[in-house]
Amino acid sequence: MVICTSLAIILSILFLFIIILDKTCHTVPMMMTANTCLSAIVAGCSLLSISMFTLENDVKQIPYEDSFCILRGYFSYASCALFDYSFLLQSIYRYITVVYPFRLFWQSAKFQALLICSTWIFSFVFPAAYMFTNSVIYNVDNQICQLPLRFAFPIIYAACCIYIIPVSLIMLIYLKLVRYVKEMSKRVTPINVLARAEKELRMVQRTVILVTILLALGIPYTIILIMSFFTNPPKYRFRIAFIFIDVSLAFVMITLFKFTDPLRTSLMRRVNGRTNTVVATMT
24 MVICTSLAII LSILFLFIII LDKTCHTVPM MMTANTCLSA IVAGCSLLSI
74 SMFTLENDVK QIPYEDSFCI LRGYFSYASC ALFDYSFLLQ SIYRYITVVY
124 PFRLFWQSAK FQALLICSTW IFSFVFPAAY MFTNSVIYNV DNQICQLPLR
174 FAFPIIYAAC CIYIIPVSLI MLIYLKLVRY VKEMSKRVTP INVLARAEKE
224 LRMVQRTVIL VTILLALGIP YTIILIMSFF TNPPKYRFRI AFIFIDVSLA
274 FVMITLFKFT DPLRTSLMRR VNGRTNTVVA TMT
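When you line the sequence shown up against the numbering used here, it's residues 24 to 306, in that order.
Hints are computed from structural coordinates only; laboratory data are not their basis. Certain hints may be false.
As the list claims (entries may be wrong) - Cut-off 27 Å, straight-line C-alpha distance, at most; resulting in silico cross-link-like pairs (DSS-like, lysine-lysine):
#  : residue 1 : residue 2
1  : K133      : K258
2  : K83       : K199
3  : K205      : K83
4  : K133      : K205
5  : K46       : K258
6  : K281      : K199
7  : K281      : K222
8  : K222      : K199
9  : K222      : K205
10 : K46       : K222
Please model the complete structure; the sequences and the hints are all you need to start from.
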């Protein structure tokens, strides 16, 4: 858990620095990628804090709820929502550039920054109610503060806000974009316009793949959640679920690097440049 989360944080920080320092990455699409990297850092730090707290209590073999336990639970829900909505924003931007190519304000950095701020506000506001209703409680067996897994409004509300809403909207955008591009290919459309639409569709496909990785590695948590509606879930349910969540974060950041051509090109250029400098110095 600690290794995967640490790797995700390191990669996210590296990618974010590259985007900031490389002027070729100062575009609106890369701004959306930077938002994903920043949200991954927040999510990674939240998960790492939970892992370290659990590990420390396991080593000491004592059940102990410190004063920050509830706060860590709050940040875990907020940061996961933030991470998922960052992919939704990428999909929305791609959809706008294809379907509304002349709505330049919608494609502008200012408008996209407004959407980013909105998702940050929502992600940190929606779980705030848990802090005041004592919904997040300490689980002794798992050494973690989370919502109890049972058929109740708080857990269903969290599942909708964190996963169901953003993932459903991403899939809806993808399907609508596929249909739109197919209709464009049937009409008399300039080649450059169709080519751009197909390119943006591929970008959304990559976003869908990233979300699919999150969903695939989140299956254990989903199964445990559904089980809790009808019977008692496994004793170490949160430990099992968070292992897969931590792994998924690392896998998604690696895949994001693979799919983001400007980011990969910038990093390879820097690595190759340093290699050539070292070789020239040695010769």
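To see whether the hints hold, each was checked on the structure:
1. The straight-line distance between the Cα atoms of K133 and K258 is roughly 48 Å, outside the 27 Å bound, and the hint therefore fails.
2. A C-alpha spacing of about 53 Å is found between K83 and K199, which places the hinted pair above 27 Å, so the restraint is violated.
3. A threshold of 27 Å between alpha carbons decides the hint, and for K205 with K83 the separation of about 60 Å lies outside it, so the pair is violated.
4. With a C-alpha separation of about 31 Å, the suggested pair K133 and K205 falls outside the 27 Å cut-off, and the hint is violated.
5. Distance check on the hinted pair: K46 and K258 sit about 51 Å apart at the alpha-carbon level, beyond 27 Å; violated.
6. Our distance criterion of 27 Å between C-alpha atoms is met by K281 and K199, whose separation comes to about 25 Å.
7. Under the criterion of a C-alpha separation no larger than 27 Å, the hint pairing K281 with K222 is consistent with the structure, at around 16 Å.
8. The hinted pair formed by K222 and K199 meets the criterion: a straight-line CA distance of about 15 Å does not exceed 27 Å.
9. The hinted pair formed by K222 and K205 meets the criterion: a straight-line CA distance of about 13 Å does not exceed 27 Å.
10. Between K46 and K222 the CA atoms are separated by roughly 22 Å; this keeps the pair inside 27 Å, and the hint holds.
In summary, the structure is inconsistent with hints 1, 2, 3, 4 and 5 from the numbered list given earlier, while agreeing with the others.
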